[in-house]
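S.K.: Let the hints inform the model, and build the full structure from the sequences given.
There are 2 protein chains.
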Amino acid sequence: MDYRTLCLAPAGTAFRLDKRDPAAHNSFSGRADAQPEIDAQLKRMGTFQEKLYAEKKRSLLIVLQGIDAAGKDGVCWHVLKGIGPQGCHVAAFKVPSEEEKAHDFLWRVHPHTPALGTVAVFNRSHYEDVLVARVHKLVPEAVWRQRYDVINDFERGLQLAGTTILKFFLYISKEEQLKRFAARLDDPDRQWKISASDYTERAYWDDYMAAYDDMISHCSTPHAPWYVIPSNHKWFRDLAISQIIANTMDDMDMQPPQATVDVVEIRKLYEAEVAKAAADGEKAGKAG
Amino acid sequence: MDYRTLCLAPAGTAFRLDKRDPAAHNSFSGRADAQPEIDAQLKRMGTFQEKLYAEKKRSLLIVLQGIDAAGKDGVCWHVLKGIGPQGCHVAAFKVPSEEEKAHDFLWRVHPHTPALGTVAVFNRSHYEDVLVARVHKLVPEAVWRQRYDVINDFERGLQLAGTTILKFFLYISKEEQLKRFAARLDDPDRQWKISASDYTERAYWDDYMAAYDDMISHCSTPHAPWYVIPSNHKWFRDLAISQIIANTMDDMDMQPPQATVDVVEIRKLYEAEVAKAAADGEKAGKAG
Chain A
48 MDYRTLCLAP
58 AGTAFRLDKR
68 DPAAHNSFSG
78 RADAQPEIDA
88 QLKRMGTFQE
98 KLYAEKKRSL
108 LIVLQGIDAA
118 GKDGVCWHVL
128 KGIGPQGCHV
138 AAFKVPSEEE
148 KAHDFLWRVH
158 PHTPALGTVA
168 VFNRSHYEDV
178 LVARVHKLVP
188 EAVWRQRYDV
198 INDFERGLQL
208 AGTTILKFFL
218 YISKEEQLKR
228 FAARLDDPDR
238 QWKISASDYT
248 ERAYWDDYMA
258 AYDDMISHCS
268 TPHAPWYVIP
278 SNHKWFRDLA
288 ISQIIANTMD
298 DMDMQPPQAT
308 VDVVEIRKLY
318 EAEVAKAAAD
328 GEKAGKAG
Chain B
48 MDYRTLCLAP
58 AGTAFRLDKR
68 DPAAHNSFSG
78 RADAQPEIDA
88 QLKRMGTFQE
98 KLYAEKKRSL
108 LIVLQGIDAA
118 GKDGVCWHVL
128 KGIGPQGCHV
138 AAFKVPSEEE
148 KAHDFLWRVH
158 PHTPALGTVA
168 VFNRSHYEDV
178 LVARVHKLVP
188 EAVWRQRYDV
198 INDFERGLQL
208 AGTTILKFFL
218 YISKEEQLKR
228 FAARLDDPDR
238 QWKISASDYT
248 ERAYWDDYMA
258 AYDDMISHCS
268 TPHAPWYVIP
278 SNHKWFRDLA
288 ISQIIANTMD
298 DMDMQPPQAT
308 VDVVEIRKLY
318 EAEVAKAAAD
328 GEKAGKAG
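Chains as they are written, first to last, in my numbering: chain A, 48 to 335; chain B, 48 to 335.
Derived by calculation from the structure, the hints in this document are not laboratory data. Some hints here could point you the wrong way.
Note: identical chains are not told apart, hence a pair may lie in one copy or across any two.
As the list claims (entries may be wrong) - List time: in silico DSSO-like cross-link candidates among lysine-lysine, alpha-carbon distance up to 27 Å:
(1) Lys281 / Lys103
(2) Lys221 / Lys315
(3) Lys281 / Lys90
(4) Lys66 / Lys226
(5) Lys315 / Lys226
(6) Lys103 / Lys330
(7) Lys103 / Lys184
(8) Lys323 / Lys281
(9) Lys98 / Lys226
(10) Lys323 / Lys184
(11) Lys330 / Lys221
M.R.: Now the structure itself:
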């Protein structure tokens with residue numbers, strides 16, 4: 048099945064996360080079962096990326112959002128590896144700097160949008176400005192509420208310039224988040240990932256869910272859809288995202304560019320070189 | 048064997064490419080035979096990259112140089128894929144822009160050096176300024192000649208700031224280049240790669256070889272060695288480069304960072320959350 052159908056948040060409808068199952072998965076039974084299929088999708092992604100790069104007429108922007116421990120970094124490490132570092136740029140957006148705060152909220156993300164032929168990945172994004180900014184009342188409601196339109200207009204402008212946009216919301220349950228926090232506590236090699244804010248932010252769980260619902264309802268558009276990825280099972284998350292990226296790139300149907308030279312003329316240059324190499328070889332043979 | 052030994056250009060010696068065999072390979076017989084070993088090295092690279100990123104105390108700079116069709120892009124697509132796009136930046140340096148030409152030759156490369164925790168790849172590099180600049184007499188000899196010291200000082204400064212530097216020269220024979228040009232001519236999907244300059248540059252082959260010899264002789268240093276990779280066989284090139292990168296990163300012996308929080312205190316927060324989740328569950332159970 049095409050996971051775009053399963054995961055799409057349809058444009059123009061009131062979306063509610065609590066109607067989706069974060070533990071959903073399809074007929075695969077687990078990581079071992081799904082891995083060959085994931086590997087096949089990663090390979091497809093790589094093939095399409097080379098075509099995108101050669102064609103240099105369009106670009107791809109992948110946006111990742113999700114609560115702490117939802118797996119954004121995991122996707123970057125294990126799914127986006129299908130897309131190599133050549134012509135791919137991952138931008139991680141953390142707490143804005145003083146300079147960034149002195150500008151409109153799109154100012155810091157715009158420089159990281161993909162050039163023609165390339166892929167850009169936003170690990171967190173401009174959507175933080177309708178999420179953390181809303182939950183922690185960093186700006187008044189009137190301000191974050193008008194940002195939905197500003198975002199839709201911005202993404203529409205990118206799309207008109209040749210950028211295909213895929214937005215993935217990694218959906219985990221509150222119980223799954225706690226399990227992942229436990230795994231960090233129990234593994235000395237991963238304790239550096241622990242932050243006290245993991246727990247203080249968790250107290251705002253319901254506020255975040257409401258903010259996600261509104262973000263998805265307002266900003267899943269035909270030109271930049273939100274896909275809600277059931278992410279309790281990391282293997283299903285990886286499978287769904289890799290397949291959605293690969294299928295989307297397949298649909299883009301990239302074509303090799305036309306030769307910029309007269310191939311007949313170049314073939315003459317080539318044949319002159321072959322003749323020269325043969326003459327040099329003969330000379331070397333006689334000398335030897 | 049450790050291919051660093053086979054490929055190293057020793058510091059402080061007069062290096063000559065014509066003493067090396069561009070078709071060299073080791074006991075493997077071909078791509079099919081070597082691929083499992085290449086895949087294993089790519090996997091090691093990925094594991095070490097995650098450690099480098101977590102540690103955030105050091106960085107890695109990989110420089111690729113080689114004549115047209117030597118395989119720089121091939122290495123970016125098929126070897127550097129072992130390093131994912133998260134925390135890896137590939138910078139390709141083409142003909143300098145007017146703005147770039149108005150600055151010292153390191154001005155355009157410096158912004159692309161790797162941040163702590165990350166990898167940067169230069170697909171062509173500041174070495175173009177002692178190669179094409181010399182061969183085509185873009186600057187007087189006195190100017191390009193003093194650049195060797197400027198480069199060594201620059202690379203020394205990067206190393207002191209925590210950057211490990213690996214420089215790969217992809218060495219192919221003149222015959223092999225012609226074979227690769229033929230492959231471009233014969234494949235309609237690759238004709239867009241053909242440039243008339245492929246053939247005009249080939250006329251300067253001996254000048255380029257002399258420029259490479261001098262570049263390697265002057266700039267293979269203990270802190271930033273040049274490795275000369277026999278690249279007629281693409282599979283051996285991929286094997287040698289992936290193994291050298293993986294072994295170098297292994298020697299860096301990255302350590303997970305210390306936790307920045309009091310783990311005992313955090314465990315209390317965790318246990319409070321578990322108790323709360325259990326109480327909520329019981330409540331839900333009674334309600335249900």
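S.K.: Tell me the numbers of any earlier hints that the structure contravenes, in ascending order.
M.R.: When the structure is compared with the hints, numbers 6 and 7 turn out to be violated.
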